[in-house]
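With these hints in hand, go ahead and build the complete structure from the sequences.
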Amino acid sequence: MHEFSLCEGIIDTVTTQARQQGFSRVRRVWLEIGELANVELEALRFAFEIVRQDTTAADAELDIISLPGRAHCLDCAQPVAVQQHFDPCPLCGGYQWRLVSGTELRIKELEVE
Amino acid sequence: MCVTCGCGTPEASPHDHEHSHDHHDRSHPHPHSHAPTGRLISIEQDILAKNAGFAGENRRLFAARGVFALNLVSSPGSGKTTLLSQTVRALGTEFPVAVIGGDQQTANDAERIRAAGAPAVQINTGKGCHLDAHGVGHALEQLPLPEGGILFIENVGNLVCPADFDLGEAHKVVVLSVTEGEDKPLKYANMFAAADLMLLNKIDLLPHVDFDVAQCLDYARRVNSTLQILQLSARTGEGMAAWLDWLRQGQQATLAQQAARLEAELAAVRARLARTAG
Numbered sequence: 000m001h002e003f004s005l006c007e008g009i010i011d012t013v014t015t016q017a018r019q020q021g022f023s024r025v026r027r028v029w030l031e032i033g034e035l036a037n038v039e040l041e042a043l044r045f046a047f048e049i050v051r052q053d054t055t056a057a058d059a060e061l062d063i064i065s066l067p068g069r070a071h072c073l074d075c076a077q078p079v080a081v082q083q084h085f086d087p088c089p090l091c092g093g094y095q096w097r098l099v100s101g102t103e104l105r106i107k108e109l110e111v112e
Numbered sequence: 000m001c002v003t004c005g006c007g008t009p010e011a012s013p014h015d016h017e018h019s020h021d022h023h024d025r026s027h028p029h030p031h032s033h034a035p036t037g038r039l040i041s042i043e044q045d046i047l048a049k050n051a052g053f054a055g056e057n058r059r060l061f062a063a064r065g066v067f068a069l070n071l072v073s074s075p076g077s078g079k080t081t082l083l084s085q086t087v088r089a090l091g092t093e094f095p096v097a098v099i100g101g102d103q104q105t106a107n108d109a110e111r112i113r114a115a116g117a118p119a120v121q122i123n124t125g126k127g128c129h130l131d132a133h134g135v136g137h138a139l140e141q142l143p144l145p146e147g148g149i150l151f152i153e154n155v156g157n158l159v160c161p162a163d164f165d166l167g168e169a170h171k172v173v174v175l176s177v178t179e180g181e182d183k184p185l186k187y188a189n190m191f192a193a194a195d196l197m198l199l200n201k202i203d204l205l206p207h208v209d210f211d212v213a214q215c216l217d218y219a220r221r222v223n224s225t226l227q228i229l230q231l232s233a234r235t236g237e238g239m240a241a242w243l244d245w246l247r248q249g250q251q252a253t254l255a256q257q258a259a260r261l262e263a264e265l266a267a268v269r270a271r272l273a274r275t276a277g
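Just so you know, the sequences run in chain order A and B. When we follow numbering that gives the first Met the number 0, the leftmost residue of the first sequence carries the number 0, and every step to the right adds one. When we follow numbering that gives the first Met the number 0, the leftmost residue of the second sequence carries the number 0, and every step to the right adds one.
Mixed in with the good hints there might be a few duds.
[As the list claims (entries may be wrong)] In silico EDC-like pairs for lysine to aspartate or glutamate, Cα to Cα no more than 16 angstroms straight-line:
no., chain 1, residue 1, chain 2, residue 2
1, A, Lys107, B, Glu43
2, B, Lys186, A, Glu39
3, A, Lys107, B, Asp45
4, B, Lys186, B, Asp217
5, B, Lys186, A, Asp86
It is worth saying that the hints were derived from the structure and are not from the lab.
Listed below in structure tokens is the structure:
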């Protein structure tokens, strides 16, 4: 359940931003999470509801934007889409590909007042 | 309050980030499902940015002092502590070796490592399921840094959570034993994708278990095509020589990098001296 640690990181950033930018309430938090990121979204939502208590984000909603997995296949020399770390290349069926993006765990934006 | 990193105070801010203060034009197309009515603040920051900051500090310390640092990850019971005890016995006479161990409870592992002859400190994570870079930074304060040698960080036995937390190590080393399922590289793909070396441990037990080595290695390479794999038994010593050589090469490379950096620094100082000598 490292999702709790991730949520503590989110709240930490929100709290720092609240101090720096002078807002007192967060309505919504947008996250960008890669399809291959090591996170269980249900666990993340569950943890967020607990960790947000008694903070400026106490009633904030969580919006998760999913980012696709993109890889470069060394055999095909082509960009390809992957959903899992153990997916074969959709073009050649091989496994000689390097992930380019898709493991993001990012706070994108806040809606505050 | 911690004087090095300021932990324990709400004002703590271990590193600075550039933040955009742009407020979106409301007419701007948005990935949002509702029409926002509040002020929008762009953040664009990694959730793990704070850990990454501490990991960067650890990594700079390791580089400056020529420490080859490894983060050992595995399921509980894969034999990490036995492996480390044997490794410490073999290498401890060649160069400094130290161990940071993470477990939810007890200092048993650190005691076993100390009995093998290396300084060891245990981090009890309590309910925590992984080590983080901040905790490792504090553990380093309680340990003689193995300058010019190897620091082993034995993570909490867990193939999920530690994958995400950079501790400042040179490599993650994943330990899998043949008493587990051969499909673990697929089941815990994030961890095997994050590792650079896999050690298949307890191979002395292969005659007694249904473990398909070839299938396991195939699964591991599907997940991570550049993963290096060594097979060994920490108990009988079979295959240990290749692991010890891999470690010596890493230790040598780390020292060579430190020497190159110091030489470049020295050359720059000498050049400045020559320029200003009048």
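Hints, verified against the model:
{"no.": "1", "hint": "Lys107(A) - Glu43(B)", "result": "holds, 4 angstroms"}
{"no.": "2", "hint": "Lys186(B) - Glu39(A)", "result": "holds, 14 angstroms"}
{"no.": "3", "hint": "Lys107(A) - Asp45(B)", "result": "holds, 9 angstroms"}
{"no.": "4", "hint": "Lys186(B) - Asp217(B)", "result": "holds, 14 angstroms"}
{"no.": "5", "hint": "Lys186(B) - Asp86(A)", "result": "holds, 13 angstroms"}
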